[in-house]
Amino acid sequence: MQKILIQLDTDSNPSVFDRVVAIDAGADQLFSYGSIAPDHVTELVHGAIFTRGPADLKNTAIFIGGSSAAAGEALLKKVTGTFFGPLRVSVMMDSNGCNTTAAAAVALARRHHSLQGVQATVLGGTGPVGLRAAELLACEGAIVQLVSRSKERAEAACSEIRQRLPDAQLHSVGASADFNSVCAESEVVIAAGAAGICFLPEAALAALPGLRVAIDLNAVPPVGLADIGVSDKAQIRGETTCFGALGVGGLKMKVHRRAVAELFAANDVIMDTMAIYQLAREIADAVS
Amino acid sequence: MQKILIQLDTDSNPSVFDRVVAIDAGADQLFSYGSIAPDHVTELVHGAIFTRGPADLKNTAIFIGGSSAAAGEALLKKVTGTFFGPLRVSVMMDSNGCNTTAAAAVALARRHHSLQGVQATVLGGTGPVGLRAAELLACEGAIVQLVSRSKERAEAACSEIRQRLPDAQLHSVGASADFNSVCAESEVVIAAGAAGICFLPEAALAALPGLRVAIDLNAVPPVGLADIGVSDKAQIRGETTCFGALGVGGLKMKVHRRAVAELFAANDVIMDTMAIYQLAREIADAVS
Amino acid sequence: MQKILIQLDTDSNPSVFDRVVAIDAGADQLFSYGSIAPDHVTELVHGAIFTRGPADLKNTAIFIGGSSAAAGEALLKKVTGTFFGPLRVSVMMDSNGCNTTAAAAVALARRHHSLQGVQATVLGGTGPVGLRAAELLACEGAIVQLVSRSKERAEAACSEIRQRLPDAQLHSVGASADFNSVCAESEVVIAAGAAGICFLPEAALAALPGLRVAIDLNAVPPVGLADIGVSDKAQIRGETTCFGALGVGGLKMKVHRRAVAELFAANDVIMDTMAIYQLAREIADAVS
Numbered sequence: 001m002q003k004i005l006i007q008l009d010t011d012s013n014p015s016v017f018d019r020v021v022a023i024d025a026g027a028d029q030l031f032s033y034g035s036i037a038p039d040h041v042t043e044l045v046h047g048a049i050f051t052r053g054p055a056d057l058k059n060t061a062i063f064i065g066g067s068s069a070a071a072g073e074a075l076l077k078k079v080t081g082t083f084f085g086p087l088r089v090s091v092m093m094d095s096n097g098c099n100t101t102a103a104a105a106v107a108l109a110r111r112h113h114s115l116q117g118v119q120a121t122v123l124g125g126t127g128p129v130g131l132r133a134a135e136l137l138a139c140e141g142a143i144v145q146l147v148s149r150s151k152e153r154a155e156a157a158c159s160e161i162r163q164r165l166p167d168a169q170l171h172s173v174g175a176s177a178d179f180n181s182v183c184a185e186s187e188v189v190i191a192a193g194a195a196g197i198c199f200l201p202e203a204a205l206a207a208l209p210g211l212r213v214a215i216d217l218n219a220v221p222p223v224g225l226a227d228i229g230v231s232d233k234a235q236i237r238g239e240t241t242c243f244g245a246l247g248v249g250g251l252k253m254k255v256h257r258r259a260v261a262e263l264f265a266a267n268d269v270i271m272d273t274m275a276i277y278q279l280a281r282e283i284a285d286a287v288s
Numbered sequence: 001m002q003k004i005l006i007q008l009d010t011d012s013n014p015s016v017f018d019r020v021v022a023i024d025a026g027a028d029q030l031f032s033y034g035s036i037a038p039d040h041v042t043e044l045v046h047g048a049i050f051t052r053g054p055a056d057l058k059n060t061a062i063f064i065g066g067s068s069a070a071a072g073e074a075l076l077k078k079v080t081g082t083f084f085g086p087l088r089v090s091v092m093m094d095s096n097g098c099n100t101t102a103a104a105a106v107a108l109a110r111r112h113h114s115l116q117g118v119q120a121t122v123l124g125g126t127g128p129v130g131l132r133a134a135e136l137l138a139c140e141g142a143i144v145q146l147v148s149r150s151k152e153r154a155e156a157a158c159s160e161i162r163q164r165l166p167d168a169q170l171h172s173v174g175a176s177a178d179f180n181s182v183c184a185e186s187e188v189v190i191a192a193g194a195a196g197i198c199f200l201p202e203a204a205l206a207a208l209p210g211l212r213v214a215i216d217l218n219a220v221p222p223v224g225l226a227d228i229g230v231s232d233k234a235q236i237r238g239e240t241t242c243f244g245a246l247g248v249g250g251l252k253m254k255v256h257r258r259a260v261a262e263l264f265a266a267n268d269v270i271m272d273t274m275a276i277y278q279l280a281r282e283i284a285d286a287v288s
Numbered sequence: 001m002q003k004i005l006i007q008l009d010t011d012s013n014p015s016v017f018d019r020v021v022a023i024d025a026g027a028d029q030l031f032s033y034g035s036i037a038p039d040h041v042t043e044l045v046h047g048a049i050f051t052r053g054p055a056d057l058k059n060t061a062i063f064i065g066g067s068s069a070a071a072g073e074a075l076l077k078k079v080t081g082t083f084f085g086p087l088r089v090s091v092m093m094d095s096n097g098c099n100t101t102a103a104a105a106v107a108l109a110r111r112h113h114s115l116q117g118v119q120a121t122v123l124g125g126t127g128p129v130g131l132r133a134a135e136l137l138a139c140e141g142a143i144v145q146l147v148s149r150s151k152e153r154a155e156a157a158c159s160e161i162r163q164r165l166p167d168a169q170l171h172s173v174g175a176s177a178d179f180n181s182v183c184a185e186s187e188v189v190i191a192a193g194a195a196g197i198c199f200l201p202e203a204a205l206a207a208l209p210g211l212r213v214a215i216d217l218n219a220v221p222p223v224g225l226a227d228i229g230v231s232d233k234a235q236i237r238g239e240t241t242c243f244g245a246l247g248v249g250g251l252k253m254k255v256h257r258r259a260v261a262e263l264f265a266a267n268d269v270i271m272d273t274m275a276i277y278q279l280a281r282e283i284a285d286a287v288s
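Chains as they are written, first to last, in my numbering: chain U, 1 to 288; chain P, 1 to 288; chain C, 1 to 288.
Looking at chain U on its own, in the form it has when it is part of the complex (with noise of 0.2 angstroms):
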C-alpha cells in the first residue's frame, strides 16, 4: 500500500522544499493543496480518514506548512479536531520550518553543554522559530531570558509558554540596544531574529567570557552574531562552541525528513514542537 503525505500549505504556492523533503522522507504519492484555510480542513481530512480501513490508516498522513507559523498551528487544531475514535492519521507541523529548524539548534546546544539550571538567552524570541527554542531550552531546564525590541511583546511570547509549561523558568526581556550586557550571565545563546538584525557585534563573544554556546539561525547576512560564520558547526571560537545556520541545517534536515518518516509508522503520530524536539535529540546524541 502506497504512503500517501497530504500537504496542506497555507501560502498559495504549496512549498517545494516540504515537497522535496517529503519525498526524500519515504512518501510515495503527495498530495498538495495550497492557500488551505481552517475552512477547508473538514472535508481533506474526511477524505483521508473515510477512504482506507484503520489497519491501513498508517499509510496516509498530513503535513503542515507554509510561511505563517500562527497559520499553521490554527490548520493544526482544526485537524486534530477532526479526527475521532480510531479514524484519525498521523499528522506534522513545521511552518516555515520553525519545529525542525527549533528542535536541531536546541537539540545541538544541549549536546555541546548540559543545559538544567543554566541560563540561556534567546534573541528575537518572539518569532516562530525563537519562541519555539525558548519553550524547548525552558523544558530542559534551562534559565530562559526571552528577548525582544518590545518588552511587552516578549511578555506575551512567554505567556504563551506557560500555558503549556506552567514551571518554566522564563524572563521575558526588551531590548533593543547593548545586548552585550543582556547575554553577560548566559551560557547559552541563540539568535533567532529577522534578517538583517545583528545583534552582537564583532568581538562581542571575546567579552562573554562566559558563554560556552553560540548559535545565530540567520543564514543571510548581516547575521544575527557577527563573530559566527554561517556555516560554523561546532567552530570552537575561544571558550565558545558556535554554530551558523549552515551549521544547524545538516541536522535540521536530518529531523525534518526523519519526522516525515515517523508518520507512517502508526495512524496516530501527532509531530509536534516537543515530538520533533525529541527526534532531533535522538539524532544528535546518535551522531556524538
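Hint data in this document are derived by calculation from the structure and do not stem from the laboratory. One thing to keep in mind: the hints can contain errors.
Note: identical chains are not told apart, hence a pair may lie in one copy or across any two.
Here are the simulated EDC-like cross-link-like pairs (lysine to aspartate or glutamate), alpha carbons at most 20 angstroms apart as the crow flies [said to hold, decoys possible]:
1) LYS3 with ASP28
2) LYS58 with ASP24
3) LYS254 with ASP56
4) LYS3 with ASP24
5) LYS77 with ASP167
Every value quoted in this text rests on a predicted model; they were computed, and no experiment measured them.
Place chains P and C on chain U using the hints.
Positioned in the frame of chain U, the structure of chains P and C alone reads:
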C-alpha cells in the same frame, strides 16, 4: 508505461477522497485540477489525447468529481465531446460519489430481493444519489415512486430519467409528511434525502409488513429511516433486510476502486451511471 | 533517489501535455504549479536548491511552460538568476512547445537539404515558433527572410534574433498577400502562422520550382501551405519534400521527451532554444 489519471474536480480543492481511492485502484500518477469548468476542458483533454500513441492511450484516463453532480455531468459531456476518432481516453464521472453510491445501494437491493415488477420507493429522489437510484431501480424493472417534498421537482427528476429510459415505470410523488402511507405498497425503500431529514420514525418498519429491503444512505444522525442502524449490513429486522450508510459503504468503495481500475483496460471506457452499476452488480453477486 | 521535475506553468492549469511527456521521459515525481509569475520564482527555486546535497541536485529539475513564450522567457531568466555557485538545478523552457517545435522543423529541413548559404523563408515569423525557426535557420548559415503582415514586427523579431546571433543573415519582410513572389527564390519555406491563415493556395508549389523543402506547422485546416497534408512526412510533391504538422510532431515529441530526460544528467543543464535544437539534430540524424 505509467498509468496516469487526470482528476478534473469542480471544487477548488480536488477531492482527497477521490485521490486516495485512485491511488489504491492502481493509478501510478495523478494529475489533479480544481475549480474546473467546461471552458478548461478542451486544453486539458488535448493534453491527454495528443501525447501518447493510440496503442498507449489506455494508460491515460480522466476522472470527474466534485460536490456538484450537475457540474460533473457538464464536464463529462464536454470531455466526451472533445474526443475524436481513436483519439480518446477512458473517463469516469462520480461527483460526490453519486454513481458509486446509487449503484451499490441498488445492487444490494437486487441481491436480496428481485426488483422486476416490484414496487420501489426512493425517498429524497431528486438529489444526485436518489435520482440515480430511481433510474437504476426502473432499469431493473421495478415500478418506482420518486418522492420529494416538491411534486414539481419530483416530476422534473422523472422526466430527466425518462429521457434516458423511455419505458421506465416511474411515478413522481410530492410529500412532506406521512411517508408511511407513501411506502405502504413498496417492497423496496431507499432513503437518499439530505442530512437531518427523518422520513420514517422509529417502529415504522413494523407498520410496513410488505417491505423486504430498506436502505438508508444517510450516515449522520438523525438518519432517514430511524429503525436502521448506520452499520446495518443485510441486518434482518422483522421481515425487512436493512442496510445503513456504512453497510452500503463497503460495496461502494469496492465499486469505486474497481471502476477506476477498469478505466485502464482500454482507451474508450465510459464509466457513467449504467457502467458503474454493471460493475456493482458483478461485485455484489460475486460476493454471494 | 527519485527524479523530481518542478513544472512552473504561466497558465492557471499546468499543462497536461507537458505533464504526460514529463512522466514518459522518466520523471518520478512532478510538482506542478499554475499561474506562476516571476515574483513566485525565488521561493520555489530555493526549495529546489536547498533541499538536496550538491551531488544529488541533478535529480531535481525545473520545466517552464504555458501558452505565452514571452512569459516563459521571463520565468527562465528569473529562475537562472536565482541560482548561485553550485546551488543550481537543470531547467528547460518550452512554453507552448515553441522550442521543441521549431527545433524539430529546422532539424528536418536540414536533414533533407543543406541550409548553408541557402535562401529560406519563415512565413508567420514573429510568433514564438516562427521566430525560433528563423533563428535556427540563420544559425545553420541560411539567408533568412522573416515574414509578417507587419514589416515593423518582422524587423523587431529580426533585431531580437540579431542580439543573440550578430552575424545572422536575416531580412525582415512585411507582406499580407502574394506570398508566392515572396518565396520565389527560397529553397526552404516554413509556415508558422496563426491558425486560419493560408499563405500559399493550392497548386502554389508547382509555381515555385526552386523550392526543395516546405514545412507547414499548422495542424488545423485551413493549413498555411494548401498543397501540404497535415500528415505529410517527407512526402515528395514535385521537386519539394513536404512536412505537415503531424509529420513534424513525431520528431517534436521525441525531442521533448529526450530534452526532459537530459535535465537529469547533471544539475546545470539549460535546455533553451539552442540546446534543444542540438538534440533535435542528433535525433533526426540518428534516424536517417
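A quick look at each hint next to the structure:
no.	hint	in the structure
1	LYS3 with ASP28	both (5 angstroms within a copy, 13 angstroms between copies)
2	LYS58 with ASP24	both (18 angstroms within a copy, 14 angstroms between copies)
3	LYS254 with ASP56	between (26 angstroms within a copy, 15 angstroms between copies)
4	LYS3 with ASP24	both (12 angstroms within a copy, 10 angstroms between copies)
5	LYS77 with ASP167	neither (24 angstroms within a copy, 54 angstroms between copies)
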